[in-house]
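> Residue numbers (this note's numbering), protein chains in the order written: chain V, 19 to 112; chain B, 30 to 354.
Hint data in this document are derived by calculation from the structure and do not stem from the laboratory.
Hints are supplied without guarantee of correctness; some may be wrong.
[What the hints assert, rightly or not] List time: in silico EDC-like cross-link candidates among lysine to aspartate or glutamate, alpha-carbon distance up to 16 Å: (1) V:Lys85 with B:Glu58; (2) B:Lys196 with V:Glu65; (3) B:Lys72 with B:Asp42; (4) B:Lys105 with B:Asp207; (5) B:Lys255 with B:Asp55; (6) B:Lys267 with B:Glu301; (7) B:Lys63 with V:Asp84; (8) V:Lys85 with B:Glu64; (9) V:Lys85 with B:Glu61; (10) B:Lys345 with V:Glu50; (11) B:Lys294 with B:Glu263; (12) B:Lys36 with B:Glu68.
[What the hints assert, rightly or not] Sample of chain B residues lacking proximity to chain V, with all beta carbon distances greater than 12 Å (derived): (13) Leu47; (14) Glu68; (15) Ile96; (16) Glu127; (17) Met145; (18) Glu263; (19) Lys294; (20) Ser300; (21) Glu301; (22) Trp304; (23) Glu306; (24) Gln326.
On a predicted model such as this, the values are computed, not experimentally measured, just so you know.
Where is the CB? At the ideal position from N, CA and C, for every residue including glycine.
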Amino acid sequence: MSAEWPLWEIFIRGQHGLNHRHVGSLHAPDAELAMRHARDVYTRRNEGVSIWVVPSAAISASSPSDKGPMFEPSQDKVYRHPSFFDIPDEIGHM
Amino acid sequence: MYAQMVKSEATQDDPEKLAAFQARIDAGEKIEPKEWMPEGYRKTLIRQIGQHAHSEIVGQLPEGNWITRAPSLERKAILLAKVQDEAGHGLYLYCAAETLGVSRDELTEALLAGKMKYSSIFNYPTLTWADIGAVGWLVDGAAIMNQVPLQRTSFGPYSRAMIRICKEESFHQRQGFDIMRKMATGTKAQRHMAQDALNRFWYPSLMMFGPSDADSVHSAQSIRWKIKMNTNDELRQKFVDQTVPQAEYLGLTVPDPDLRWNADKGGYDFSEPDWDEFFEVLKGNGPCNTERLAARQKAWDDGAWVRDGLMAHAAKQHSAPVAAE
Numbered sequence: 019m020s021a022e023w024p025l026w027e028i029f030i031r032g033q034h035g036l037n038h039r040h041v042g043s044l045h046a047p048d049a050e051l052a053m054r055h056a057r058d059v060y061t062r063r064n065e066g067v068s069i070w071v072v073p074s075a076a077i078s079a080s081s082p083s084d085k086g087p088m089f090e091p092s093q094d095k096v097y098r099h100p101s102f103f104d105i106p107d108e109i110g111h112m
Numbered sequence: 030m031y032a033q034m035v036k037s038e039a040t041q042d043d044p045e046k047l048a049a050f051q052a053r054i055d056a057g058e059k060i061e062p063k064e065w066m067p068e069g070y071r072k073t074l075i076r077q078i079g080q081h082a083h084s085e086i087v088g089q090l091p092e093g094n095w096i097t098r099a100p101s102l103e104r105k106a107i108l109l110a111k112v113q114d115e116a117g118h119g120l121y122l123y124c125a126a127e128t129l130g131v132s133r134d135e136l137t138e139a140l141l142a143g144k145m146k147y148s149s150i151f152n153y154p155t156l157t158w159a160d161i162g163a164v165g166w167l168v169d170g171a172a173i174m175n176q177v178p179l180q181r182t183s184f185g186p187y188s189r190a191m192i193r194i195c196k197e198e199s200f201h202q203r204q205g206f207d208i209m210r211k212m213a214t215g216t217k218a219q220r221h222m223a224q225d226a227l228n229r230f231w232y233p234s235l236m237m238f239g240p241s242d243a244d245s246v247h248s249a250q251s252i253r254w255k256i257k258m259n260t261n262d263e264l265r266q267k268f269v270d271q272t273v274p275q276a277e278y279l280g281l282t283v284p285d286p287d288l289r290w291n292a293d294k295g296g297y298d299f300s301e302p303d304w305d306e307f308f309e310v311l312k313g314n315g316p317c318n319t320e321r322l323a324a325r326q327k328a329w330d331d332g333a334w335v336r337d338g339l340m341a342h343a344a345k346q347h348s349a350p351v352a353a354e
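Input sequences plus hints: build the corresponding full structure.
Pasting the structure below:
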């Protein structure tokens with residue numbers, strides 16, 4: 019045999035109330051061992067309170083060459099930000 | 030350094046694309062794995078990150094040698110944690126290298142076949158407990174010199190691995206210095222042991238930075254690409270300037286009769302290590318090269334049934350769904 023262990027992406031919730039955040043990847047034969055490895059590799063210093071492991075192959079990513087069409091259209095829609103609108107001083111905080 | 034004498038690869042890409050790529054690097058942008066990059070950039074990085082990863086893994090061997098013989102339970106627990114960190118550092122780096130399109134197994138096999146190297150420093154033996162102090166203080170100290178600037182390297186995954194590693198590395202250097210301090214203020218025999226460790230590890234530590242690369246074309250290309258952030262000589266000088274006062278504090282003597290402060294340059298003048306010895310060690314003729322590679326080969330061979338068995342098990346089981354909480 020000799021198939022290489024598949025790659026997993028590891029997400030850690032650093033503290034209660036925060037999102038899980040991608041911290042890196044590792045190899046493991048299955049989810050259970052990916053979880054154990056993630057604990058040893060990425061939380062040796064109290065870095066987390068919860069771990070997600072996701073097979074890397076299950077992630078669909080946007081392509082770098084699509085960066086323009088994907089993200090540029092939002093650049094000219096400045097009215098989506100509250101700072102676009104002038105609010106008279108007399109109105110105070112809004 | 031942990032990656033020594035990394036030959037940069039010539040690149041034959043479209044000059045226009047190359048210029049745009051260089052402009053991104055000059056602007057401080059990070060390059061991510063799926064983005065276009067010159068073939069030379071990719072290959073040089075695989076070699077450099079791979080060598081760095083191998084060094085972390087092989088670097089566990091000289092220290093692992095003392096886990097069962099650490100002088101107290103506390104020292105044993107600390108050393109165990111340190112060696113475990115080195116395994117983690119190796120894993121972060123292998124994953125960074127893998128984003129460039131090489132597999133973990135390919136990297137391991139290249140190491141075992143002698144096609145990839147690891148740092149020369151790990152081919153020296155750790156003969157006494159004081160050597161464990163010297164390794165943490167000097168070897169990890171030298172590694173930090175190189176790794177801190179590499180946090181700003183242009184390749185995103187490498188930079189992120191370095192940030193993680195640097196966060197953990199200063200524990201390594203401090204635990205080494207703490208061992209040295211205990212020994213240096215101990216009995217006469219312990220002081221002698223500490224001095225002996227410094228004597229044996231001083232020049233091999235200076236060699237870690239590699240020979241002077243002032244005229245190296247490879248090095249210049251890597252610096253332009255922000256794969257290499259400083260010249261070998263710059264880092265070596267910084268290491269000496271930082272370490273000599275620490276040795277003085279310990280009451281130990283750096284084994285270099287020509288070491289003196291040079292007020293003009295604001296740094297120490299010091300003797301070069303024996304570069305013939307360095308090249309011999311790189312060629313495989315250091316004191317422990319055979320032993321280190323044999324240990325890696327044995328771990329790889331003995332672990333094969335476990336790797337295969339767990340894959341077979343995983344294939345049989347429907348892995349239990351892990352719900353996102």
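> If a hint holds in the structure, say so; if it does not, say that too.
Now the hints, each set against the structure:
no., hint, verdict
1, V:Lys85 with B:Glu58, "holds (15 Å)"
2, B:Lys196 with V:Glu65, "holds (12 Å)"
3, B:Lys72 with B:Asp42, "holds (13 Å)"
4, B:Lys105 with B:Asp207, "holds (14 Å)"
5, B:Lys255 with B:Asp55, "holds (9 Å)"
6, B:Lys267 with B:Glu301, "holds (14 Å)"
7, B:Lys63 with V:Asp84, "holds (12 Å)"
8, V:Lys85 with B:Glu64, "holds (11 Å)"
9, V:Lys85 with B:Glu61, "holds (13 Å)"
10, B:Lys345 with V:Glu50, "holds (14 Å)"
11, B:Lys294 with B:Glu263, "holds (12 Å)"
12, B:Lys36 with B:Glu68, "holds (14 Å)"
13, Leu47, "holds (17 Å)"
14, Glu68, "holds (17 Å)"
15, Ile96, "holds (17 Å)"
16, Glu127, "violated (7 Å)"
17, Met145, "holds (17 Å)"
18, Glu263, "holds (30 Å)"
19, Lys294, "holds (39 Å)"
20, Ser300, "holds (39 Å)"
21, Glu301, "holds (38 Å)"
22, Trp304, "holds (37 Å)"
23, Glu306, "holds (36 Å)"
24, Gln326, "holds (16 Å)"
Checked against the numbered hints given earlier, the structure breaks only hint 16 and satisfies all the rest.
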